[in-house]
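J.: Listed here are the chains, written in short residue letters.
Protein chains: 2
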Amino acid sequence: MNIQNKLNFSRRIRRTPFTSSVEKHGVTGFSVVNHTLLPKSFQNSIDEDYLHLQKYAQIWDVGCQRQVEIKGKHALELIELMTPRSISELKPGKCLYIPLTDENGGIINDPILIKISDDHYYLSVADSDVLLWARGLAIGFSLNVRIREPDVWPLAVQGPKATHVLAKIFGDRIYSIKKFNFDYFLLDGSSQLIAKTGYSRIGGFEIYLSRPELGKHLWETILEAGRSENIRPGSPNIIDRVEAGLLSYGNEMTVENTPLECNMDKFLDINKEVDYIGKKVLLRQIKYGVKRRIRGAIYEGPELPTISTPLQVFDTDKRTIVGSLTSGAFSPHFKSNIGLGMIGYGCWDNNREIFVKISDQEFRKGLIKDLPLIQ
Amino acid sequence: MNIQNKLNFSRRIRRTPFTSSVEKHGVTGFSVVNHTLLPKSFQNSIDEDYLHLQKYAQIWDVGCQRQVEIKGKHALELIELMTPRSISELKPGKCLYIPLTDENGGIINDPILIKISDDHYYLSVADSDVLLWARGLAIGFSLNVRIREPDVWPLAVQGPKATHVLAKIFGDRIYSIKKFNFDYFLLDGSSQLIAKTGYSRIGGFEIYLSRPELGKHLWETILEAGRSENIRPGSPNIIDRVEAGLLSYGNEMTVENTPLECNMDKFLDINKEVDYIGKKVLLRQIKYGVKRRIRGAIYEGPELPTISTPLQVFDTDKRTIVGSLTSGAFSPHFKSNIGLGMIGYGCWDNNREIFVKISDQEFRKGLIKDLPLIQ
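Residue numbers (this note's numbering), protein chains in the order written: chain A, 982 to 1356; chain B, 982 to 1356.
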């Protein structure tokens, strides 16, 4: 066992209402997201967890998906300013994936927006302090909003059996929630927001627990209800995520990348009327095109370890760098290594041949692939 | 060995130019600060590292202290807006500890400000995305500044032999740098900023390496030059830090705390003319006083493990909670357990008796102490 990478705990790396439960259930590794622990592995291998996730249900402590609550007269105005996606038509009860951009069009974060009411929103954020960005903007623009991190902690139930498990606890109304919608359900007399969202290909639900003292109870209730469905603790799975083309902020893209480079132009409203931050740069990129785009890759075995530092991607001459893979793993589905990463202009077409550099001595032949790798 | 807390690596948790060097030299544990690896332990115990740091020199990879570079016509104006400390008299070549506050007076971060020239500054930040805060404010207030994270990576050399070691490499001019000053020195033909600063009681230097490709070379050069001074790799040491009363953002204080609660009123200019963010709240706190303040504590043995989750502090009745300890360790100097934390009004006087709750069964008698515990 590698003893080079123990994580030193401190108050600064926050525990969630579910951390003691994941410890009890045999967590073996963590990551840190938004100054908060994210359990990343349990007793099983990534492969076993992947196969389990495709068939059953898993419970994930994703409390690290911190919420930025924006409330008040100018809430909509502030959020419209922060994203190239139009949200003016969004109804309460709906969720929307909205990349946030800076004045260079660079991605600040790619949260899920949750519309509670016309003047009340959550941003469920990836790994950067959107709280500070939003508050800085609000102060500078003198907007009438209250922005804070509420004491709300998402817990995900994912996989094909997730709906059935939650229906046992919260009733059949769970079945009627559509994808990217949410509703409220009773937990021990308290109303809890449950959204049909999640960071897996098959999907599931995220419970936005607003009573952290119920964390252990909620965790045990779900495990108990899911016992007959073979539920178990898990975490966002790298194989599943790469197959589904689900991007990870800080891995596939950073503030150096624009939403166009991340294939988000399809669902954005870059030309929207609001003069949002980054609009000029993004309009120019639409006109002149981008130099790189996120693509998938499938490349030869044998099985390689999960990518933890980017692998360079070369042209067929094995000399010209055409991009890099920033996340990857071995896929049991493709029986090949798979990855995600930025690939340069001219080289990003589906089935383009490339070589992935594993070491100075070793190149693996592969193909560029459109995303998602599996629909 | 505890296998519950392996840290899972990914590109999102950035490596520094020194990470491969610390791996080569036997790092055993990391923390994560500013989305970047911070080595926290090597082959030795915290006690051994502490004793070594008091006598010799250590080299620390503190690349996680990311820089926020603010440059341009309104640079000074923006920074004045962000802090209750007056910086108008600060000269180029100087460093200054400046807490940043939000509109509630809460601490956003507590960076070291580095004044390069009248319109060019670095903020060397603790663990929060000050980059986003500063950029949000600059956009909102339409300030003419360029704000970015430069490719600059601090490497610390700390301890009583640090000056001597660096003089061997950079020449005797090192001896003339005063505390909280910096100057430029040649490294392989490139000019590097070296400041007399650092996160230890005895102090030392921080080299702001602006050529990351020289990381390995710089690391090895320092180790080689320091061999006769018994230099070794280390990291910010919890015993030394608590004895010195050095606060850690995210541990002792968060955005919920004001600079007054952190004893910073002594050196701040809360009444300064500039209408900085948080001024109203802080002026009110000066008038009406605060309800809690950071204090030290010394409490009975036997030796306890390093504090990783806060310990409650009780009044002598063992019933009334009067505060909590957020960092702590066993001090060889005091031959007692020591800690830092927020203590409530009426209970924070020097030598006030308290009890620290270790578990439901165990309370340890102790005394509140003014900071620093050791000058």
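Be careful, since some hints might not be right.
Heads up, the list lumps identical chains together, so a pair's fine if it works in one copy or across two of them.
Simulated crosslink set (DSSO-like; lysine-lysine; CA at most 27 angstroms straight-line) [to be verified]:
#1 Lys-1272 - Lys-1260
#2 Lys-1338 - Lys-1197
#3 Lys-1272 - Lys-1142
#4 Lys-1260 - Lys-1052
#5 Lys-1346 - Lys-1272
#6 Lys-1268 - Lys-1160
#7 Lys-1261 - Lys-1299
#8 Lys-1260 - Lys-1054
Think of the hints as simulated: they come from the structure by calculation, not from any bench.
J.: Does each hint fit the structure? Answer for all of them.
T.: Tested hints:
1. Lys-1272 - Lys-1260: Within one copy only: 18 angstroms inside, 46 angstroms across.
2. Lys-1338 - Lys-1197: between (45 angstroms within a copy, 23 angstroms between copies)
3. Lys-1272 - Lys-1142: neither (41 angstroms within a copy, 50 angstroms between copies)
4. Lys-1260 - Lys-1052: both (24 angstroms within a copy, 23 angstroms between copies)
5. Lys-1346 - Lys-1272: Cα proximity of Lys-1346 and Lys-1272: one copy only (23 angstroms, versus 65 angstroms across).
6. Lys-1268 - Lys-1160: neither (33 angstroms within a copy, 53 angstroms between copies)
7. Lys-1261 - Lys-1299: For Lys-1261 and Lys-1299, neither the intra-copy (37 angstroms) nor the inter-copy (62 angstroms) Cα distance is at most 27 angstroms.
8. Lys-1260 - Lys-1054: This pair counts as both: shortest intra-copy Cα distance 24 angstroms, inter-copy 24 angstroms.
The structure fails hints 3, 6 and 7 (numbered hints given earlier, in ascending order).
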